[in-house]
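Top line first, the protein sequences correspond to chains A and B. Just remember that my numbering sits 33 ahead of the position in the first sequence, which is counted from 1. Just remember that my numbering sits 19 ahead of the position in the second sequence, which is counted from 1.
Worth flagging that the hints you see were computed from the coordinates, not collected in a lab. Please read these numbers as outputs of a predicted model, since none were measured by experiment. Glycine is no exception: its CB is placed at the ideal position from the N, C-alpha and C atoms. Do not take every clue at face value.
Unchecked claim - Covered stretches of chain B, as calculated for chain A (at least 3 residues, CB under 8 Å):
1. 48-62
2. 87-93
3. 104-116
4. 133-141
Residues per chain, in single letters:
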Amino acid sequence: MIQSLDDLEKIKEDFAGRIKKYGKTVKICFGTGCVSSGSQAVYDGLVGALEKESLNKKVRVVKTGCHGFCEKGPIVVFNDDEIFYQSVGKKKIEEDIALLLDTIKNGKVADKLLYKSADKLKKFVSTKEIPFYAMQKKIVLDLNGAIDPEDIDEYIAHGGYSALQKALTAMTPDEVLDWVQKSGLRGRGGGGFSTGTKWKSCKDAHGGPKYIMANGDEGDPGAFMDRSLMEGNPGVILEGMIIGGYTIGSNQGYIYVRDEYPLAVKRLGIALEQAVKYGFLGKNIFNSGFDFDIKIVRGGGAFVCGESTALMSSLEGKSGEPRAKYVHTVEKGLWDKPSNLNNVETWACVPAIINRGWQWFASIGSEGSKGTKVFSLVGKVNNTGLIEVPMGTTLRQIIFDLGDGIQNNKEFKAVQTGGPSGGCIPKEYLDTAVDFDTLWELGSMMGSGGMIVMDDKNCMVDVARYFLKFLVEESCGKCVPCREGIRRMLEIVERICDGEGDEGDIAHLKELGRAVNIGSLCGLGQSASNPVLSTLRYFMDEYEAHIAHKKCPAGVCKPLINYTILDNCTGCTLCARECPSNCIIGDKKKPHTIDTKKCIKCGMCYEVCKFGAVNVV
Amino acid sequence: MDIDKKKLDTIIKKNGGERNRILAIYQDIQSEYRYLPKEAVQYVCGRLDIPLVKGFEVATFYKALSLKPKGKHSVCVCLGTACHLKGGPAILETFERELKVKRDDTTEDGMFSVDTVNCLGACALAPLVRVDGKDFGKTSPPTVKKIIKEFKHGA
């Protein structure tokens, strides 16, 4: 049981003693991205090789959480970011393991495994030099990739639970609240509501017991910040929640985690068990007389459960349907008791604010949005992965400096933020400083932090159709404007994509979009038409090309395109063999042709051609 | 089908016999049977004194639960935004065509079920496919054929 600062220090010392006997530390990323790219094989290979060389007592191999640079996985880092290796074991695993051993034994840096810029001109040894990392400022993800998420001692050795100790023994709940309010922290789940104000309302609410909830139901497609945090440093979320419970006057917390994130559930469970063992959860925490417990609840694969009231319905064992918010959650939430729900990233900001002071937190970021924000930078950008930057960083810095520009030297077209509630931002606004308010003004929103970059091969009408389809599937069906309205909007957009759009369609879409936004019950419906309205606002020319000229300029909408084979076809016959509808004809070693009448436009020929001889018109 | 009542009792007990844990109970049952048999829903509702209509409301609301038996191998094609932009729909079509099955359904021989998900959170590896819990990143129509082969032969 840990009950004082001395006890915490003791754990730190013990941990330092435990790892002192190792000369070197090798960290292998075990985030979901790197695991899919094969980090388990790298781990097994390296541990086996070290045993063979009798080095296993001298080298510590750690499985860490997500490093963020998922594109380049599996990632292996030596000591404190001194050497950064990427794509380890992707092609020839034995060879790469030998290179790792060489680095361990002889300190030789393996050129082959270093990160190189997209133009291949520069290569980087240390994490600190790579622009993708150098331009970040890590608060929330500070320990992601640095510690073993399944070892609470390592979290404590890096300062974990010291904020809890400070809050519970040296601060009153009112003081903690005051700090959180003054820090300017706003909710990271999307709404951007002041965290301090929310906490105060819940603290002041009459009745009890009060409940604390963490929203880990990250459903926005294209976003994986919360997953990486829950997998990479679950302790910081628990610590934030316990501090929140102390401040608000609650003794019970819930973490609601997406069903699709089994690894996050597992790691949170381990962190919880260890925290109970050390007495950070349970009775009389840090001898302060404060009791707190946390339960982990798995979601059921419903996007709408990320909405606060639907999440609570689900926690209560009902289907996840939202309810009207005439009465606020802070007054009547879970089981009709005062409740406080924050996103897991918001909770993770709290320990840093307590440790380093509200002034420090408030000094980072923009005028109205303080601190940093984690974004998942994905789509057609060179460096895809997870980044954390101060609020107010411009879109251009994020996409072109950290992200190293667009893949295959294509043209940037738009960036989609805010998931199905957000919108697409065109290149005219690349110099916008990103925060809660600026994105809102552009007709999009921060959302949970997904940033999906699109190039000129992405059709914006198709993007609108994609989000509408997503929302039709995910609408819970409780209120009519959302259930029926989005469906009708999808029908119109589908007709446009099929080349059957009419002149009146645009006006109709705008009108319906407004009605759905005004008339829906919850946030899902109220923002459902944003993807359509924002693409109409910035990319009207593409809608017009589909409607008036029956053309899809990006070459995406199937009924409006045709595949053809160019003259540089070598007649290798690969496409003809792979074509599922047998519509490619031609003799060996002579250019082939596609029978467009039989073609089902599956794109297989385009994918398999090694000579770039298949074209979309 | 016949259900093992003892097994269900253990699952209910593990979840504290609490009514609000019904989703977790269903999920545990599903990981036993690889789907949620309707007989199991009836049994659980009886034990926890939940009206059947409520029990089935929950069972049909959540996408993670399936009242239909699943195939031996479960294919899950990610259609999140990043996967969509990088060719996810073509990946789904290839699975449907090669396995002769539609999404949300199981092949006649009961070998494969093909489902879609609106983001698995590994967007940097788009387009992504998860088969029996194993993730395949940066897939393309040609690699889909290889994945199918791998699991057909592995079976």
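For this session: Given that the stretch 104-116 of chain B was listed as covered by chain A, double-check it with a C-beta distance under 8 Å for 3 or more residues.
Result: This one holds; 7 residues, not fewer than the three required, reach chain A with a Cβ under 8 Å.
For this session: Would you check chain A against the stretch 133-141 of chain B, counting CB to CB pairs closer than 8 Å, and say if three or more residues qualify?
Result: holds (count 6)
Exercise. At a Cβ distance under 8 Å, does chain A reach at least three residues of the stretch 48-62 of chain B?
Worked result: violated (count 0)
Exercise. Taking a Cβ-to-Cβ distance below 8 Å as contact, does the stretch 87-93 of chain B have at least three residues touching chain A?
Worked result: Three-residue rule not met by the stretch 87-93 of chain B, so violated; n is 0.
The structure fails to meet hints 1, 2 from the earlier list, while all remaining hints are met.
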